[in-house]
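Trainee: Protein chains in written order, with my numbering: chain A, 1 to 380; chain B, 1 to 380.
Rather than coming from a laboratory, the hints here were simulated on the basis of the structure. There's no promise every hint is true.
Copies of the same chain look alike in the list, so a pair counts if it fits in one copy or across any two.
SDA-like, lysine to any residue: derived pairs with alpha carbons at most 25 Å apart [what the hints assert, rightly or not]: (1) Lys203 to Ser309; (2) Lys261 to Met293; (3) Lys94 to His113; (4) Lys170 to Ala274; (5) Lys112 to Ile244; (6) Lys261 to Tyr330; (7) Lys177 to Glu325; (8) Lys203 to Arg66; (9) Lys41 to Asp356; (10) Lys170 to Glu60; (11) Lys112 to Tyr42; (12) Lys261 to Asn71; (13) Lys41 to Ala273; (14) Lys41 to Lys276; (15) Lys94 to Trp242.
Being a predicted model, the structure only gives us computed values, none of them experimental.
Protein chains: 2
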Amino acid sequence: MTAVREFNFGAGMPDPATFPAQALADAAARVLPHHAMDLSKYPDRMGLPALRQIAADRFERNHGMRVPIENIVLTNGSMQGLMLVAQALAIQRKPLIVEEFTYVGTLNVFRKHQADLVPVPLDDQGMRVDALEEELDRLSAIGRTPTCIYTIASHQNPSGTTLPLDRREKLVELATKHQTVIVEDDCYADVQFTKHAVPAMYKLAEPGRVLYLGSFSKILGPGVRLGYFMAPEPLLSEMLSWKIDGGTSNLSALIVAEYFKEHLWSHIDEANAAVKQKLDTLLAALEHEFAGMDITWTKPDGGLFTWISLPAGTDRARVQALAKERGIVYATGQAFDSLNRDVPYLRLAYGFIANDDIPEGVRLLAECVKLSLPVGAGRR
Amino acid sequence: MTAVREFNFGAGMPDPATFPAQALADAAARVLPHHAMDLSKYPDRMGLPALRQIAADRFERNHGMRVPIENIVLTNGSMQGLMLVAQALAIQRKPLIVEEFTYVGTLNVFRKHQADLVPVPLDDQGMRVDALEEELDRLSAIGRTPTCIYTIASHQNPSGTTLPLDRREKLVELATKHQTVIVEDDCYADVQFTKHAVPAMYKLAEPGRVLYLGSFSKILGPGVRLGYFMAPEPLLSEMLSWKIDGGTSNLSALIVAEYFKEHLWSHIDEANAAVKQKLDTLLAALEHEFAGMDITWTKPDGGLFTWISLPAGTDRARVQALAKERGIVYATGQAFDSLNRDVPYLRLAYGFIANDDIPEGVRLLAECVKLSLPVGAGRR
Numbered sequence: 001m002t003a004v005r006e007f008n009f010g011a012g013m014p015d016p017a018t019f020p021a022q023a024l025a026d027a028a029a030r031v032l033p034h035h036a037m038d039l040s041k042y043p044d045r046m047g048l049p050a051l052r053q054i055a056a057d058r059f060e061r062n063h064g065m066r067v068p069i070e071n072i073v074l075t076n077g078s079m080q081g082l083m084l085v086a087q088a089l090a091i092q093r094k095p096l097i098v099e100e101f102t103y104v105g106t107l108n109v110f111r112k113h114q115a116d117l118v119p120v121p122l123d124d125q126g127m128r129v130d131a132l133e134e135e136l137d138r139l140s141a142i143g144r145t146p147t148c149i150y151t152i153a154s155h156q157n158p159s160g161t162t163l164p165l166d167r168r169e170k171l172v173e174l175a176t177k178h179q180t181v182i183v184e185d186d187c188y189a190d191v192q193f194t195k196h197a198v199p200a201m202y203k204l205a206e207p208g209r210v211l212y213l214g215s216f217s218k219i220l221g222p223g224v225r226l227g228y229f230m231a232p233e234p235l236l237s238e239m240l241s242w243k244i245d246g247g248t249s250n251l252s253a254l255i256v257a258e259y260f261k262e263h264l265w266s267h268i269d270e271a272n273a274a275v276k277q278k279l280d281t282l283l284a285a286l287e288h289e290f291a292g293m294d295i296t297w298t299k300p301d302g303g304l305f306t307w308i309s310l311p312a313g314t315d316r317a318r319v320q321a322l323a324k325e326r327g328i329v330y331a332t333g334q335a336f337d338s339l340n341r342d343v344p345y346l347r348l349a350y351g352f353i354a355n356d357d358i359p360e361g362v363r364l365l366a367e368c369v370k371l372s373l374p375v376g377a378g379r380r
Numbered sequence: 001m002t003a004v005r006e007f008n009f010g011a012g013m014p015d016p017a018t019f020p021a022q023a024l025a026d027a028a029a030r031v032l033p034h035h036a037m038d039l040s041k042y043p044d045r046m047g048l049p050a051l052r053q054i055a056a057d058r059f060e061r062n063h064g065m066r067v068p069i070e071n072i073v074l075t076n077g078s079m080q081g082l083m084l085v086a087q088a089l090a091i092q093r094k095p096l097i098v099e100e101f102t103y104v105g106t107l108n109v110f111r112k113h114q115a116d117l118v119p120v121p122l123d124d125q126g127m128r129v130d131a132l133e134e135e136l137d138r139l140s141a142i143g144r145t146p147t148c149i150y151t152i153a154s155h156q157n158p159s160g161t162t163l164p165l166d167r168r169e170k171l172v173e174l175a176t177k178h179q180t181v182i183v184e185d186d187c188y189a190d191v192q193f194t195k196h197a198v199p200a201m202y203k204l205a206e207p208g209r210v211l212y213l214g215s216f217s218k219i220l221g222p223g224v225r226l227g228y229f230m231a232p233e234p235l236l237s238e239m240l241s242w243k244i245d246g247g248t249s250n251l252s253a254l255i256v257a258e259y260f261k262e263h264l265w266s267h268i269d270e271a272n273a274a275v276k277q278k279l280d281t282l283l284a285a286l287e288h289e290f291a292g293m294d295i296t297w298t299k300p301d302g303g304l305f306t307w308i309s310l311p312a313g314t315d316r317a318r319v320q321a322l323a324k325e326r327g328i329v330y331a332t333g334q335a336f337d338s339l340n341r342d343v344p345y346l347r348l349a350y351g352f353i354a355n356d357d358i359p360e361g362v363r364l365l366a367e368c369v370k371l372s373l374p375v376g377a378g379r380r
């Protein structure tokens with residue numbers, strides 16, 4: 001069997017070529033010899049202060065709001081933050097609002113805790129807040145206030161959409177009216193291709209209305225496993241009471257804090273330039289290969305994903321089987337559907353794959369799709 | 001206010017002076033530049049193979065049994081393993097057997113999950129298996145098989161006791177008879193002052209009867225946050241299905257694996273020699289300061305703790321207040337009591353405190369105890 005060339009549009013990972021492996025090695029060599037004590041002890045319950053400081057600096061630079069590090073807790077990636085949300089908010093058998101399509105890892109956490117997921121539709125500007133309002137009114141009428149509204153408002157996974165300011169304000173207003181918490185999963189925030197970020201809801205809302213999840217995985221790399229959450233009391237203590245893991249690694253945090261102390265913004269700029277180039281290559285290839293077909297895709301201004309809508313009758317299983325033969329990895333629409341329906345979408349991640357492989361990967365994918373279209377469909 | 005000299009007999013931490021900070025820095029400098037890819041991707045679901053290999057080698061050297069790395073999963077310290085136990089075994093409102101006194105972190109996890117804790121008494125050889133048998137029979141008679149038997153069989157926390165082979169065999173026999181799982185928390189196993197370890201129950205029992213929790217925290221340092229569990233299927237998949245944290249840090253695991261590849265056994269020897277010296281100093285000081293009093297303590301042959309039994313009527317709150325004034329940190333008996341009773345014990349940890357501080361710390365502690373004894377007690 002000949003090894004097939006791989007076109008990995010699968011997981012949401014950054015560009016490995018811009019991963020600062022040598023710079024992290026240098027940071028480790030500088031910082032570790034002076035921290036035998038921090039490594040011999042259990043970490044601070046909230047995590048290494050130096051890295052929480054960097055999370056605070058980052059938020060202040062993006063949103064002009066200073067969050068005290070007493071409201072910031074390091075986690076083993078933002079996924080641990082999400083586990084703590086599920087535990088602290090006791091989501092079992094209660095309504096929990098999500099975007100109709102959302103991150104498969106999030107769905108996994110919420111399903112393991114038996115949340116009653118209530119989807120709200122997305123359009124090209126993220127969650128439809130008019131539909132959210134209806135859903136909240138409906139739940140209110142039956143006395144079932146949701147435990148939270150979970151949203152990836154910026155560079156949403158899988159759709160690549162970003163909720164604009166007016167929708168964020170409306171979302172905050174609705175959450176306040178219905179006395180529920182917004183869980184703002186902002187893990188893609190730093191993968192931003194425009195100059196200014198849309199304001200975080202953590203800034204827009206009254207304290208305690210929003211629980212913010214952040215990550216260092218998407219700008220550095222998921223192998224590092226460092227994220228954080230931000231929340232004021234009493235939410236913070238409720239989350240912390242479930243963080244019974246002995247603390248977040250000081251070994252990782254010392255190294256990453258030492259590196260980011262000098263290089264946070266320059267690394268973000270460099271990493272984003274590489275990923276943006278790949279997105280441009282991808283969008284051009286999609287334009288070229290799917291021209292004239294009844295296929296659409298989102299045009300993200302950040303993040304790691306575009307979401308591709310296929311003609312309704314496309315044989316998705318066949319697309320996948322053919323793609324597999326050609327070494328193409330992508331994520332199916334179904335993986336992201338909050339109700340686990342086989343929806344006519346697929347997600348392409350463009351951070352990890354080499355830029356030069358993108359055109360050929362898209363050409364082959366288009367071939368697979370064309371071979372799987374419903375009779376009479378495809379051309380418009 | 002004058003700063004008080006601190007005598008830290010508090011947490012179970014290794015000797016900071018033998019922490020290999022420079023060697024870890026060197027390992028990081030060697031290994032990280034070659035692993036941009038491992039750091040840009042999500043870790044293997046089971047954790048970095050190289051470090052799981054070291055866990056397997058370690059177990060084989062100690063117990064003469066080769067565990068395939070497919071049965072070993074890295075965790076964020078053994079505490080994460082314990083959280084997964086609570087989730088995978090669905091311990092809510094069901095009996096769960098523990099040693100009468102056990103690790104406060106364990107109790108916290110089990111209580112957060114509302115387990116119905118069933119204590120079994122300890123003596124100077126660990127869990128009393130005769131009492132365990134009675135307890136299991138009693139539970140069986142009322143149709144309430146426990147979800148598991150949790151035990152720190154080697155160098156128990158807080159008691160410092162080690163379960164001998166015959167009791168281990170009996171424990172395995174009882175668990176098998178009653179069709180329940182033994183959770184063998186072996187996190188202190190490597191802090192061993194005698195040449196040979198008592199065989200692990202993971203080796204003694206049929207596959208699937210024992211779930212093994214291991215740790216690198218006690219030989220390296222808890223700030224590193226790396227542990228592991230070992231289990232065969234289907235237990236392994238049930239545990240893994242709750243490990244929705246995006247994986248255990250490749251950054252930490254790469255560095256620690258690179259260091260341990262060459263230095264595991266030499267580091268264990270060096271670290272244990274330092275800790276053993278402190279234990280000897282502590283035992284001599286206890287002998288000297290508490291001579292002739294109605295006070296006993298355990299004489300561990302490994303681990304990080306001795307467990308001190310005070311006369312029944314000792315005013316424990318007064319001991320603690322006086323100790324605090326003198327800068328002495330220790331853990332109260334109550335912290336470890338599975339039923340949260342204020343029991344007449346205290347735990348001294350001897351890994352972290354400097355050897356030279358031990359005699360003075362014990363002298364001051366004895367002063368506090370003597371000032372808090374019940375009228376007419378103390379001397380025998």
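Trainee: Hints first: check each against the structure and report whether it holds.
Mentor: Hint check results:
Taking the closest pair of Cα atoms, Lys203 and Ser309 never come within 25 Å of each other, the shortest separation being 33 Å inside a single copy and 54 Å across copies. Neither within a single protomer nor between protomers do Lys261 and Met293 lie at most 25 Å apart by alpha-carbon distance, with minima of 48 Å and 56 Å respectively. Proximity of Lys94 to His113 under the C-alpha cut-off of 25 Å is found in both arrangements, the shortest distances being 10 Å within a copy and 18 Å between copies. Taking identical chains as interchangeable, the C-alpha atoms of Lys170 and Ala274 are never at most 25 Å apart, the minima being 34 Å within one chain and 62 Å between chains.
Proximity of Lys112 and Ile244 under a CA criterion of 25 Å is satisfied in both settings, with 19 Å inside one chain copy and 9 Å between copies. Proximity of Lys261 to Tyr330 under the C-alpha cut-off of 25 Å is found in neither arrangement, the shortest distances being 35 Å within a copy and 36 Å between copies. In this assembly of identical chains, Lys177 and Glu325 lie within 25 Å of each other by CA distance neither inside one copy nor across copies; the values are 52 Å within and 51 Å between. Taking CA atoms no more than 25 Å apart as the test, Lys203 paired with Arg66 passes inside one copy only; the shortest distance there is 10 Å, against 54 Å between copies.
When the C-alpha separation of Lys41 and Asp356 is checked against a cutoff of 25 Å, the pair qualifies only between copies, where the shortest distance is 19 Å, while the shortest distance within a copy is 47 Å. In this homomeric assembly, Lys170 and Glu60 come within 25 Å of each other (Cα to Cα) only inside a single copy, at 23 Å, whereas the closest approach across copies is 60 Å. In this assembly of identical chains, the alpha carbons of Lys112 and Tyr42 lie at most 25 Å apart only when taken from different copies (21 Å versus 29 Å within one copy). Taking the shortest Cα distances, Lys261 and Asn71 sit within 25 Å of each other inside one copy (20 Å), while across copies they are farther apart (39 Å).
For a Cα distance limit of 25 Å, the shortest separation of Lys41 from Ala273 across copies, 19 Å, qualifies, whereas the shortest one inside one copy, 39 Å, does not. For the homomeric pair Lys41 and Lys276, the shortest alpha-carbon distance between copies (19 Å) is at most 25 Å, but the shortest distance inside one copy (41 Å) is not. Taking identical chains as interchangeable, the C-alpha atoms of Lys94 and Trp242 lie at most 25 Å apart whether they share a chain (19 Å) or sit on different chains (20 Å).
Consistency note: the structure conflicts with the earlier hints numbered 1, 2, 4, 6 and 7.
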